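If you want the building blocks of each chain, they are given just below.
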Amino acid sequence: MDWHQLWEIVSTPDNIPIVALLFLIPFYTWYGLRQARANDRLLGDLENDPQKAKTHHRKTFPYKPGWPREVHVWPFLMRIEFLAAIIVTALLIVWSITLNAPLEEPANPNLTMNPAKAPWYFLGLQEMLVYFDPWIAGVLFPTLIIIGLMAIPYVDANPLGNGYYTFRQRPVAILAFCFGFLGLWVLLIIIGTFIRGPGWMWFWPGETWDHNRLIFEVNRDLPDIVGITGSAGKIVFGGMVVGFYYLLAGLLVHKVMTINEFTRKIYRRMSLLQYLTIQFFAVTMLGLPVKILLRQLFRIKYVWVTPWFNV
Amino acid sequence: MPDQPHDDPIVGRSLSGPLLVASLILLATLAWALYDEFYGLRPWKDYQQHFVHLYTQHLQERIQEQSAAEEELRRSPDYQRLEQALEEARAGVAPEVERIDREVNDLNRRISALTDVFATARGQVTAMIYEAETSPAEEDKEQILEEVERIRRQGFDARLPVPDGTMETLHYTYDELEDEYDQLRERRAFLLAHRVEVTQHVKELEEQRQTYRNQHIIGLAETQLRGLLTEARNLELEIKQIHVQDTELVDRCESCHLGVLEGRRVGIELTAAGIGGERLFASHPAPELLAIHDPERFGCSPCHGGNGRAISSPIQAHGRYRHWLWPLSYPENYQAGCQQCHARDMVLEHAGVLNRGKELYRLRGCIGCHRYEGFDNEPERLQAVRLQMRELELQRAGYELEIQRSIQRAENPDTPLEEARRLFARATNLRVTISNLEAEQEQLQLRARDLMREIKLVGPNLKDVRLKLRRDWIPVWLHNPHAFRPTTKMPRFRLQEEEIRAISAFIWQSGTSGEMPPQPRGDPGRGRELFETHGCLACHALGEGEDAVGSRFAANLSRVGEKVNYDYLVRWIHNPRQRTRPYCPREKRDLTPEDYAKHGLPFRFDFEHSTCPNDGAELQVQNMTVMPSLRLTWAEARDIATFLLTQRSQAPETYAGADFMDDPGLFERGQSLVRNYGCAGCHEIAGLEEEERIGTDLTTEGSKPIERIDFALLTHQAEREGWYNHAGFFERKLADPAIFDQGKVKEPLERLRMPQPNLTDADITALTTFLLGSVESGYGFPPQYIYQPTDRGRDIQEGWWIVTKYNCMGCHQIRIGQPSMLMTLPRYQTPEGREKLPPSLIGVGARLDPEWLAAFLANPALSAANLHRNGVRSYLEVRMPTFGFTVREIQTLVRFFGALSGQAQPYIRPQLEPLTNREWVMARELFTHPAAPCLRCHATGDPLHDRNATAPNFLLVKERLKPGWTRRWILDPASIIPGTAMPSGLFRRQGNRWVFSGPLPPSLRDYRGDHAELLVRYMFYLTRQEQRRLSARLASPGSVESRRISLNLVESH
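Protein sequence lines, in the order shown, are assigned to chains A and B.
Heads up: the first sequence begins at 1 in my numbering, then just goes up one per residue.
Heads up: the second sequence begins at 1 in my numbering, then just goes up one per residue.
In case anyone wonders, no lab produced these hints; they're calculated from the structure.
Computed from a predicted model, the values in this text were never measured in an experiment.
Backbone N, C-alpha and C fix where the C-beta goes; we use that ideal spot for every residue, glycine too.
One or more hints might be untrue.
Which stretches of chain A does chain B cover? Using the computed rule of at least three CB atoms under 8 angstroms from a CB of chain B, they are [unchecked claim]:
hint, segment
1, 39 to 50
2, 78 to 92
3, 203 to 217
4, 262 to 270
So the derived label-pair ranges between C-beta atoms look like this [claimed, not checked]:
hint, chain 1, residue 1, chain 2, residue 2, range
5, A, M1, B, V266, 58 to 64 angstroms
6, B, A28, A, G138, 44 to 50 angstroms
7, A, V139, B, D697, 39 to 45 angstroms
8, A, T112, B, H50, 41 to 47 angstroms
Facing chain A, from chain B, some residues (calculated, C-beta under 10 angstroms) [to be verified]:
hint, residue
9, I10
10, P18
11, L19
12, I25
13, L26
14, A28
15, E186
16, R309
17, H318
18, H323
19, L713
20, T715
21, S901
Kindly produce the complete structure, drawing on both the sequences and the hints.
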């Protein structure tokens, strides 16, 4: 166990946000879900007890009798936000005094740094480069992510859950978010920061980042494993596999979207366009971990090999 | 259960408590930020305050000392006399000065009053004239000019002070005003000039007093010190920086190192002890270096490294962090900074460590494997010259073809006349061009020949092993050369037993076989005497370990008797450059007598017979060793060889037999190993003459990115222990070249090949310093700073490479303060011994006629007939050897010595006025004067006399010396060569001329010329007959007595 190495990674000024991320994200996820559960329980109570629903004024937990149904933003929200602003400002000042900007030596085009890492918030993107073509990982996916995020308000057919924490009223949306943000984006950033060492090789925490490390890994394309050699054959075969995946994953997504009465109700509210958009983005997003697993577990480089792009 | 109303925590609870706490925290962080901004990030403020404190203390101490010294001075009678004279003079001129001052004062008041009026008037007039000039309408112009004229005539009122203190009002026209103004100013100028005249004497006396003060008081005056004290007390706390505009260099080192330039700027050298033990504030320890590298122009960081702009902490400023590529050098490697710009200098003043590093690089054979630009680059240059020759050849062929074509076309009847003429002219011009090319080709050919002769190898020629060495000794040597000879250049290779056997066998079998002509034994006693007196110890040493006497330039010969073949040794000592076989670079092999016989030629090869009989290529006709020929007789060579044979600590017969060396089965394995280990980098080995160097080029190793330097498995250890940098790598690699193989699993031939050089710590530091400074142009410093001298500087630069190559400094002193090797030997410590030392070469460029020097360097015997002597100083036992210099080397050396003495080139011999008959007589009298009997010590060519001579023959003067130097020499030889046997004080100054110090002979009494000058002219016109006549006149004994007289003369002066 190389504690020195671990300390070096953790203490690099660049990595401080990610170390913080390690604790903050689970905490706030837990905190949000806790609130959602309490609200859900209250909602359940109110549903079961129409009388109570009439006398209770707040749909959110905690609630005590005598509390006003609504409070004004000014001053009640503003003063809390102001307090938060003060605390964060103080924190940022202390941070900026104690840690300097991580400037390095003048760039040398003949000698690039190893590992050469993107800013922490882009490390997820960089990690994707391991699994896909630069064009797909670097251009297509980021574009899809942005478009997908932009599309959310338009494809969201669920009118509930605005302004309070709830899980029961938005299970699919929350699951999709947790999967996409926590399971993919944050995880990839953490891998990019703590796991990827010189040569973008996989180093478990505590392993020494040895520049001279040699590992033996052979990645092969799926068509090669199956024994398809011709390029036309590869194109057709890869296309079929990908198509098959989309079909299979689409079924899975559909299953999730219609898993219970509530989700089915939402599903029925959707237009075809909304449904297909959700399907496309969800299936594509699912494709990422599938590809990661294919690579990490089976050492498969590409599934679909064409002269123009590889998937 | 009905719900009880509760208070809403959001509405009901006050947040003032948390808000107050948070605000206080924010305020505290703001305070922290401000503190950090003003102090935390500006540690130099503290340093500056601390400096002010220490410096004022220091100055106060100095002021006390100085005021005591000045007080004492003021009390001295001399000073008081000066003071009194000054007072008297002042009193004498006081009334006149006072009168002048009064008048000037009045004038000043009047002028200043008038200036106002005059300036207004002039302003008004010139503005109107400008208006007239630029006015477009002619009538307007005239109108304005009329107006101007009117104003000028109308005049102005001026209220002027009168000397008695009242004011008067005067009226002037414009012209009158101008005149009055000029007159007043003239009068004032006159008065001021007059005042200077009147006080001239006072000024002189003041200067005298000041001079006296300066002569008797060291350092700054008390008033100056007080000025500095005030300045120090009022020191502004600010960033102090050097900004060099041309190179965009900004160095703020002085913001903390406040005293570093104090010595240079105000003449106060601060030592750490003097300034409260703070090394940080001490003055730069080498002011002489700053004198040639003005900090205002060079800054600090180009030499020292570090981040000159950073001032937020010492670590930042010193650049001692991972991302600063040019950190401050460690003190032991400071001179790496010199190398950055002075890479082309082999010897550098003030850089002893670096010089040692460069010397080691060449001497220890690093150059055999690692190319370094400038070092031993003859083969490269030879290749370049050959390439150039080929290009010229092609060019010439092209021209010849063009001539042919031009003529053909010109002779064609269809060609118009004009065109034909042009073509003929063109052909003619091309012919002339070709003749020029021929001259160029000839020079290149000579150059190629010279370069071939200049190629020297670090190790001996291994083709001669069979002739030279005992077979059984070779494996023992290969096993560990340092065990046999601890100081050897030969490094220890990490060889397996099997490898040693194969290499020995290959070397042995590839050697030239044959027999050396047998030599009879000589006299070892005489051999030892010759060895110790002829200068062998300037390069070689005898004795082991601490007892070793002599130089480490070449081999320590203590055990040479165990390994060497006597017959070969005699031949080697007689002339080490003499090869057994010539080498043909075109056929890539040594020629045999059969090759010559085939062409009906005798087997003869030397500089006159240096072309290959087979293909006409230029041959390598000498051994590639720097060891020169001492021009010994065969008998002498035999004596020395016999003596050397006695140098052994075990009998050669006790070495274990090594019959395997004749096993032909080992040959190929041996050859591949020899190739792998790069033996041919240092040795000449049959079949491997054209091998390339096997190591990395180190010319810019110091700027190689650290990531490209292979610390192998020690990378992390190095990072943790703080030596993950260039210095750490070099030091460890030099101490143990195998270190970076540690823990690696490698095939034997893939292991690091660098052998163990057996260096001391000081040597390692020197080499590390050299390598650290070996950087790309502009690596951390502005490339404009690279030293690229012209003329004199370049001559010096080039010369040092040759001087160090042949170890001239083993025998001669060349730099002031540098002892030669021989000067340190016990034999030369007595006064008699010192007279037997080879001459010091300081100032030799001013002394010697360059043409003569060139001839002397080519043949130091100065005689074709008798080679076994010193051409100039026949009385010296140390022999000036024949180095076999090439023309280029001689030219370089002659220019070098000239440049060291600041001589103009080329040298044109001045014509001296011939002596009149009377002058001949007088000069003779002087020359043979009993108080200065020149011929007592100087050689005359008479063997009987020259036995006791300790100075050169006068007949050489005319060809050899420069008259100017000769004159300076006879006036004061001790200042040119301290400790010389030549007496000083032979002449004394009388007015503008020098006269002889001894009792003047009658003929000279009424001579008005310069005696020294006369003697110089005499020497330059001295002939053999004249000298013989003088010798006869001086035949009487009494040399001791006459020397005593001259010594008395010295003492009396």
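Checked hints:
Counting residues of the segment 39 to 50 of chain A whose C-beta sits closer than 8 angstroms to any C-beta of chain B gives 0, which falls short of three, so the coverage hint is violated. Remark: the segment 78 to 92 of chain A is confirmed as covered by chain B, as 8 of its residues place a Cβ nearer than 8 angstroms to a Cβ of that chain, reaching the required three. Only residues whose beta carbon comes within less than 8 angstroms of a beta carbon in chain B count, and the segment 203 to 217 of chain A has 4; three or more means the coverage holds. A count of 0 residues in the segment 262 to 270 of chain A with a Cβ less than 8 angstroms from any Cβ of chain B is obtained; the coverage claim is therefore unmet, three being the minimum.
Look at M1/A against V266/B: about 59 angstroms separates their beta carbons, and that is inside 58 to 64 angstroms. Checking the proposed 44 to 50 angstroms range against A28/B and G138/A shows it holds: the Cβ atoms sit about 45 angstroms from each other. The hinted range of 39 to 45 angstroms is satisfied by V139/A and D697/B, whose Cβ atoms lie roughly 43 angstroms apart. Separated by about 44 angstroms at the C-beta atoms, T112/A and H50/B satisfy the suggested range of 41 to 47 angstroms.
Hint status for I10/B relative to chain A: holds, with the closest Cβ pair at about 5 angstroms, below 10 angstroms. The interface hint given for P18/B holds, since its Cβ lies 6 angstroms from the closest Cβ of chain A, which is under the 10 angstroms cut-off. Checking L19/B against chain A: minimum C-beta separation of about 6 angstroms stays under 10 angstroms; hint holds. For the restraint placing I25/B at the interface with chain A, the shortest Cβ-Cβ distance is roughly 5 angstroms, inside the 10 angstroms limit, so the hint holds.
A distance limit of 10 angstroms between C-beta atoms decides the matter here; for L26/B the minimum to chain A is near 5 angstroms, and the interface restraint holds. Hint on A28/B holds. Least Cβ distance to chain A is approximately 8 angstroms, under the 10 angstroms limit. Violation of the interface hint for E186/B is found here, the shortest Cβ-Cβ separation to chain A being roughly 66 angstroms, above the 10 angstroms cut-off. Hint status for R309/B: violated, given a least beta-carbon distance of 13 angstroms to chain A, over 10 angstroms.
The interface hint given for H318/B is violated, since its Cβ lies 15 angstroms from the closest Cβ of chain A, which is over the 10 angstroms cut-off. Satisfaction of the interface hint for H323/B is found here, the shortest Cβ-Cβ separation to chain A being roughly 4 angstroms, below the 10 angstroms cut-off. Satisfaction of the interface hint for L713/B is found here, the shortest Cβ-Cβ separation to chain A being roughly 7 angstroms, below the 10 angstroms cut-off. For the restraint placing T715/B at the interface with chain A, the shortest Cβ-Cβ distance is roughly 6 angstroms, inside the 10 angstroms limit, so the hint holds.
For S901/B, the shortest C-beta to C-beta distance to chain A is roughly 46 angstroms, which exceeds 10 angstroms, and the interface hint is violated.
Checked against the numbered hints above, the structure violates hints 1, 4, 15, 16, 17, 21; every other hint is satisfied.
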